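Chemist: Sequence:
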Amino acid sequence: MGKKVKENMTRRDFMKKVGKAAAAVSVASAVPGLAKPARAAQRGYVLIGYTDPSTGPLAGLGAPTPWVNARVEKAIEKLGGVYIKEYGKKVPVKFKVVDTESSPTKAADVASRLILNDKIDLMLTMYTPDVVNPVSAVCERYQMPCIGVGCPIDPWVEGGPYQWSFEAHFSVDAITNVFIGMWDEIAAKTNKVIGVLFPNDADGIIWTKIFNKKLPAKGYKMVDPGRFPFGTRDFSAQIDMFKKEKVEILTAVLIAPDWATAWKQMHQQGFKPKIATIAKALLFPADMVALGGNLANGLTTEIWWSRYHPYKSSITGETPMELCNAWTKETGKQWNKPVGLTYGGYEMAYDVMKRAQTLDKAMIRDAIAKMDLMTLFGPIKFNEKHYCEIPLVGGQWVKGKDVPWDLEIVYNKNHPQIKKTAEMIFPLPY
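Just so you know, we're using the numbering used here here: the sequence shown kicks off at 1361 and counts up by one.
In short, the hints are calculated from the structure, not lab data.
One or more of the hints may lead you astray.
Stated by the list, open to error - Below are the PhoX-like pairs computed for lysine-lysine, each with C-alpha atoms no more than 20 Å apart in a straight line:
1) K1693 <-> K1759
2) K1552 <-> K1634
3) K1693 <-> K1634
4) K1604 <-> K1552
As the list claims (entries may be wrong) - What follows is a list of derived Cβ distance ranges for each label pair:
5) L1439 <-> Q1523: 28 to 34 Å
6) Q1625 <-> D1584: 16 to 22 Å
7) T1415 <-> Q1629: 32 to 38 Å
8) K1773 <-> K1434: 19 to 25 Å
Owing to the predicted nature of the structure, the values given are computational and were not obtained by experimental measurement.
By construction, the Cβ of each residue, glycine as well, lies at the ideal position given by its N, Cα and C atoms.
All chains, full assembly: derive it from the sequences and hints.
Modeler: As structure tokens, then:
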């Protein structure tokens, strides 16, 4: 999801950069004359730091944050805050949102400042390994309890083991199961030949490995033209191979601009698969509009949250539909998946402080480990490796009634509690 750390940068190099960024902040905070914030026990409220991709290539994921932040802070205020034993009373809960600029180095820098300068009580970090992994690393360094949301499990686990950091999202195994599940439903109407577009990044490599293992066992043939870099402008070679091998099922894990380039060229060159199931690139309604014409019609993808989910806010009791209606009414924008996932991250942070009832970092960490919470995006309960997988279903973009494009739930076999809202359109309508 989003731009990656440079390919030639090893994990050791990256961790060195994280360490240098944190060390620089540590030195700066110790310079005489620089103002320091009061300690938590003196300020009269709980302070939760939130590293958010407000700008940069991941800014779409961070767009709902100001709205969600204001809504949750207001709701917590109505509840009177949380009881903290160091104060002997209920105190307000405040969130300090800082922009990571979608940069791993910047994410490490702002996380260090939140810990050393702002002296936060808990860290919340969201969206993609580019943001969540470096923040988790900084929190491990400074023994700061940290909740991560929206980073795929596989690349996050690689940065562990963790003592202070936790993560909630989906695994690559889960998303590939959803994709294959959707194909199984229409496989009899195809030749079961699948063409893949996997780039030369961490996602592309792990998806190739998993599909090479899973697809033959299910009777599918995989046609793989090989890895390619971000920003590829000509997919003619891949398209020629797909046509030659008679590919009828297409899948990819691409950023939105690269998918738009590939899909438009496929139409121009006469390659028309019966189904196209794409990860990562089909996140926002605006991305569907950007494809132009009817090119978004019938595209299938993963759904990690929707306005149709059957859960409720643990803070206010409102449903996903009610939250989305409020979002649209107050912002004039169509609902999108980050609205609910961001809200759920705030739910988790509030729940931890409400149960911990202390500013002691180890006890706050233990409260995260013992979390058993039903959030707006589903149940959260961390395992011994500090992660929790959220429910994942399959969706399809179709023409909307009041909006250009709407996302419907068309596959739910792994999570039947999340009801289907439409039957899958098959084959793709050209």
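Chemist: Compare the structure with each hint and give your call.
Modeler: Hint-by-hint comparison with the structure:
no. : hint                        : in the structure
1   : K1693 <-> K1759             : 17 Å, holds
2   : K1552 <-> K1634             : 11 Å, holds
3   : K1693 <-> K1634             : 32 Å, violated
4   : K1604 <-> K1552             : 15 Å, holds
5   : L1439 <-> Q1523: 28 to 34 Å : 31 Å, holds
6   : Q1625 <-> D1584: 16 to 22 Å : 18 Å, holds
7   : T1415 <-> Q1629: 32 to 38 Å : 36 Å, holds
8   : K1773 <-> K1434: 19 to 25 Å : 38 Å, violated
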